[in-house]
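Asker: In case you want the letters, here they are:
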Amino acid sequence: MSSAYELRMKNIWSLPRGELFHGGHNLCAGCTAGTIMRHLLKVAGKDTIVVNATGCVEVSTTPYPYTAWGVPWIHLAFENTAAVASGVEAAINALKLKGQLDPEKEVKVIAIGGDGGTFDIGLQALSGMMERGHNVTYIVYDNEGYMNTGIQRSGATPFGAWTTTTPVGRRIRGEWRRKKDIIGIALAHGIPYAAAANPAYPVDMVQKFEKAIQTEGPSLVHVLMACTTGWRFEPRLGIKVSKLAVETGVWINYEIEEGRLRVTTPVPKRKPVREYLKLQGRFAHLRDFEIEIIQEMVDEQVERINKMVGKQVIGPVDYGGDGKKGA
Amino acid sequence: MSETRLPTWTEVTPGGIVREPGSTLRLDKNGWRVEKPVIDPEKCVRCRLCWIYCPDTAILEVEEPYTNSKGRTYKLTYKVDYDRCKGCGICAEECPVDAIEMVPEEVA
Numbered sequence: 001m002s003s004a005y006e007l008r009m010k011n012i013w014s015l016p017r018g019e020l021f022h023g024g025h026n027l028c029a030g031c032t033a034g035t036i037m038r039h040l041l042k043v044a045g046k047d048t049i050v051v052n053a054t055g056c057v058e059v060s061t062t063p064y065p066y067t068a069w070g071v072p073w074i075h076l077a078f079e080n081t082a083a084v085a086s087g088v089e090a091a092i093n094a095l096k097l098k099g100q101l102d103p104e105k106e107v108k109v110i111a112i113g114g115d116g117g118t119f120d121i122g123l124q125a126l127s128g129m130m131e132r133g134h135n136v137t138y139i140v141y142d143n144e145g146y147m148n149t150g151i152q153r154s155g156a157t158p159f160g161a162w163t164t165t166t167p168v169g170r171r172i173r174g175e176w177r178r179k180k181d182i183i184g185i186a187l188a189h190g191i192p193y194a195a196a197a198n199p200a201y202p203v204d205m206v207q208k209f210e211k212a213i214q215t216e217g218p219s220l221v222h223v224l225m226a227c228t229t230g231w232r233f234e235p236r237l238g239i240k241v242s243k244l245a246v247e248t249g250v251w252i253n254y255e256i257e258e259g260r261l262r263v264t265t266p267v268p269k270r271k272p273v274r275e276y277l278k279l280q281g282r283f284a285h286l287r288d289f290e291i292e293i294i295q296e297m298v299d300e301q302v303e304r305i306n307k308m309v310g311k312q313v314i315g316p317v318d319y320g321g322d323g324k325k326g327a
Numbered sequence: 001m002s003e004t005r006l007p008t009w010t011e012v013t014p015g016g017i018v019r020e021p022g023s024t025l026r027l028d029k030n031g032w033r034v035e036k037p038v039i040d041p042e043k044c045v046r047c048r049l050c051w052i053y054c055p056d057t058a059i060l061e062v063e064e065p066y067t068n069s070k071g072r073t074y075k076l077t078y079k080v081d082y083d084r085c086k087g088c089g090i091c092a093e094e095c096p097v098d099a100i101e102m103v104p105e106e107v108a
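Order-wise, the sequence lines are chains S and A. Residue numbers for the first sequence follow our numbering, so the first one is 1 and each next one is one higher. Residue numbers for the second sequence follow our numbering, so the first one is 1 and each next one is one higher.
In silico DSSO-like links for lysine-lysine, alpha-carbon gap of 30 Å or less: (1) S:K10 - A:K43; (2) S:K42 - A:K75; (3) S:K46 - A:K79; (4) A:K36 - S:K240; (5) S:K240 - S:K179; (6) S:K240 - S:K180; (7) S:K278 - A:K36; (8) A:K43 - S:K240; (9) S:K46 - A:K75.
Since the hints were derived computationally from the structure, they do not count as laboratory data. Remember, predicted model here, so these are calculated numbers, not experimental data.
Using the sequences and the hints given, assemble the complete structure.
Answerer: And the structure:
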């Protein structure tokens, strides 16, 4: 694809060995947030200021008096991440104008928020940041709920998922609302770059980080982060679940550059969503007809994306063998 | 190995600023594990996937040449930093050649 971006991360071996996000943090064993943050900082480099909303990553990476971060980092409340990131960026520009900072020096501002801090609580600040056009890269790590406070639902919780506030009983059978389309919200502000990434596809993910950082103006990268605690699967399956999300079409890796949509991980033949759902305890209560509903929702989403691209990049569901539905 | 004492009120920095970057490296995560990963350098094909996927920077990529029994020499060797490893098993699950085995920790 012809683009103005200079991509240094060509393949797995382009990633530098040095770490800026260090180990020893308190993220759960098998939490893929560690993978995401490591590679984010590998791409961003040391001239970076990280603005971090309250959430899993903030709580677990900075157990006072320690920090896992190797770059300047500030902790914020849920609602003001994007606002403070805007302020940091404005302050850097002011210092450059006053001559107190070398105008040639490139300081990257990265805001990191969870799905709770972005989809729900921090949405107005994010909207303001994108509206004012600050040069900030916003990374949403989406674990589909408020996992560190005890698995409450958020605007990102998908249909059918069990959480402590959408329990499974006679009246309610898990979350009954759809997941919010955060990239759609971001694009409504006319931002130059937005993307959906997944840690199971590391090269694709770091290239999106690179593009987002190089973008002049606000950019948003929505990253799926499989949560071993809240999604109820074994810690070793973190990357496998993330990969299955793409292979079943539940998650689509795409990017929107100046209004042009491109699917970066085409899936010629999709797997049935059942394969993704059956690994996770939060979907264990689902009956066949509910799985059918989720499958239809995914089909709809895939069709919408295919229509936007103009050709079939995500293929039909392959039920394997005799072509019959169901396991 | 790690200093776990919290600072007293005279030592606390203004605003609770942490001055040492990456200081969690001084914390010991050995107690988190039930199983530990053991990499077999014979089977390992140096694909780098375990290093990529590890959330805890527990896989070390060292410039240490290794010649396997078939006479093939690799420039790199992958090792596990057990002070960081929490034993999640992502490396063993994602290894394409099953060169990583999860071995139960022994009770001391």
